[in-house]
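Visitor: If you want the building blocks of each chain, they are given just below.
Number of protein chains: 2
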Amino acid sequence: MEVTAPEVLNSPLVVPTKTMMGPGPSNLSDRVRLALSHPILGHLHPECLKIMDDIKEGVKYVFQTRNPATFCISASGHAGMEASLTNIIEDGDVVLIGSTGLWGHRAADMARRAGGDVRLLEVSPGEVVTSDELRRYMKVHKPSVFFMCHGDSSTGVLQPIHEFGEICHSNNCLFVVDTVASLGGAEFLMDQWQVDVVYTGSQKVLGAPPGITPISFSRRAVERVENRNSKVKVYNYDLMLIGDYWNCFGRPRV
Amino acid sequence: MEVTAPEVLNSPLVVPTKTMMGPGPSNLSDRVRLALSHPILGHLHPECLKIMDDIKEGVKYVFQTRNPATFCISASGHAGMEASLTNIIEDGDVVLIGSTGLWGHRAADMARRAGGDVRLLEVSPGEVVTSDELRRYMKVHKPSVFFMCHGDSSTGVLQPIHEFGEICHSNNCLFVVDTVASLGGAEFLMDQWQVDVVYTGSQKVLGAPPGITPISFSRRAVERVENRNSKVKVYNYDLMLIGDYWNCFGRPRV
Chain U
19 MEVTAPEVLN
29 SPLVVPTKTM
39 MGPGPSNLSD
49 RVRLALSHPI
59 LGHLHPECLK
69 IMDDIKEGVK
79 YVFQTRNPAT
89 FCISASGHAG
99 MEASLTNIIE
109 DGDVVLIGST
119 GLWGHRAADM
129 ARRAGGDVRL
139 LEVSPGEVVT
149 SDELRRYMKV
159 HKPSVFFMCH
169 GDSSTGVLQP
179 IHEFGEICHS
189 NNCLFVVDTV
199 ASLGGAEFLM
209 DQWQVDVVYT
219 GSQKVLGAPP
229 GITPISFSRR
239 AVERVENRNS
249 KVKVYNYDLM
259 LIGDYWNCFG
269 RPRV
Chain F
19 MEVTAPEVLN
29 SPLVVPTKTM
39 MGPGPSNLSD
49 RVRLALSHPI
59 LGHLHPECLK
69 IMDDIKEGVK
79 YVFQTRNPAT
89 FCISASGHAG
99 MEASLTNIIE
109 DGDVVLIGST
119 GLWGHRAADM
129 ARRAGGDVRL
139 LEVSPGEVVT
149 SDELRRYMKV
159 HKPSVFFMCH
169 GDSSTGVLQP
179 IHEFGEICHS
189 NNCLFVVDTV
199 ASLGGAEFLM
209 DQWQVDVVYT
219 GSQKVLGAPP
229 GITPISFSRR
239 AVERVENRNS
249 KVKVYNYDLM
259 LIGDYWNCFG
269 RPRV
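Line order of the protein sequences matches chains U and F.
For the first sequence, our numbering gives the first residue as 19, with consecutive numbering after it.
For the second sequence, our numbering gives the first residue as 19, with consecutive numbering after it.
Since the hints were derived computationally from the structure, they do not count as laboratory data.
Since this is a predicted model, take the numbers as computed values, not measurements.
Be careful, since some hints might not be right.
Because identical chains cannot be distinguished in the list, a pair is counted as satisfied if it fits within a single copy or across any two copies.
List time: in silico DSS-like cross-link candidates among lysine-lysine, alpha-carbon distance up to 30 angstroms [stated by the list, open to error]: (1) K249 / K160; (2) K36 / K160; (3) K36 / K68.
Hey, can you work out the whole structure from these sequences and the hints?
Guide: Here it is in structure tokens:
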């Protein structure tokens, strides 16, 4: 063959142990680390589906929600951000992004790619968005989606969000929260705080490997997706397809 | 808290050993299975970047290519299909999909979501697309992208594709190939066959776990992406962003 096998394939894989104290990734407990070397199951084996059902219940617990549309995406936390936004945004929808640092800008980038008309509610580094500011922006911009990062690892800000769900809903707006760096380290109550879409990272406070992203959609968010005029722009993030595989809607899995 | 921890969290995880003889997922060798319980590295640790560099060389070998834009996506094979299409399709582009079964229709669905104007070149189950048919469809439809599945697990077809690259290029069209079920089981020579984008599944013939998707873009495909008039619709699949992280273009990693 023209392209020969690289020499490095003849050497064993060496992975050193690092002590990781940042917002993520974090070190795994031995119990979690060794669980990764279990055998592979087929994606429709009953034993695999049972594990998925158990995972759903665990995710509901960590998000403190009873939403049936609660599951995991087989990709990184960034996929959670993009799946949250692309499912509930259609071309021309006004999307308000609360920004306390890097992650608001990342969400704005994704929301624009999904077709959103993005408006930024940006505060200085270290500051938080206040309820009064949010009410003012709601009146001026009339967004259909509001995004906020709960724990912004780029500025160290923990954003108080417990009043934001009510403000959004009294303005006919869905409330999306990024808890990638915060979940498990700071209180988060999805149902009580009226959050419509939340996702987190597995490899941060939760202490699991990267590549699996817990996510949950409220009844209100599911209805928004059900009533779309256009298809979700990304097949792999389509709530209705993933939700069926995770048996969230009581329909056949495939 | 309102939502209590599920009882199942008190039980150990049980994963039975299955013998899997389908087109995938397949059983792991012990060497591969145990490699999964290595410690976690940070995504910018030099040791992690070195492993990524080594992976790139291995992926070039299995695809038989010298393309610098060769790497892996941290998601399933479906993400490889969607990343391939969404990077090289803009709104209104004519996309020709060769279909020998289920996977052509899946690609058509994704291409439409990416904004493509899809035309199908469909054959009966068990049949293959011929070079003459492809030439005829090229003349009629003048597509800018042609997709073909190499090994279609839904019909058992191995599609001969070694002439298709030349036919595409003499019609100013990019050639995308799905090798999810075939790579490692059937000959595939990316550079010699003039393939522009290829992806495969880790959990099929290659015998690795799911969730990592080898992919490669030719110089011609990279130029198409560089000359887009609009942003790629999916941040997570944007070739320029992922390619920089994998150090494919000689620019800073982040």
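Visitor: Now tell me, hint by hint, if it's right for this structure.
Guide: Hints versus structure:
1. K249 / K160: both (23 angstroms within a copy, 26 angstroms between copies)
2. K36 / K160: neither (47 angstroms within a copy, 54 angstroms between copies)
3. K36 / K68: Only across copies: K36 and K68 sit 15 angstroms apart there, 34 angstroms inside one copy, limit 30 angstroms.
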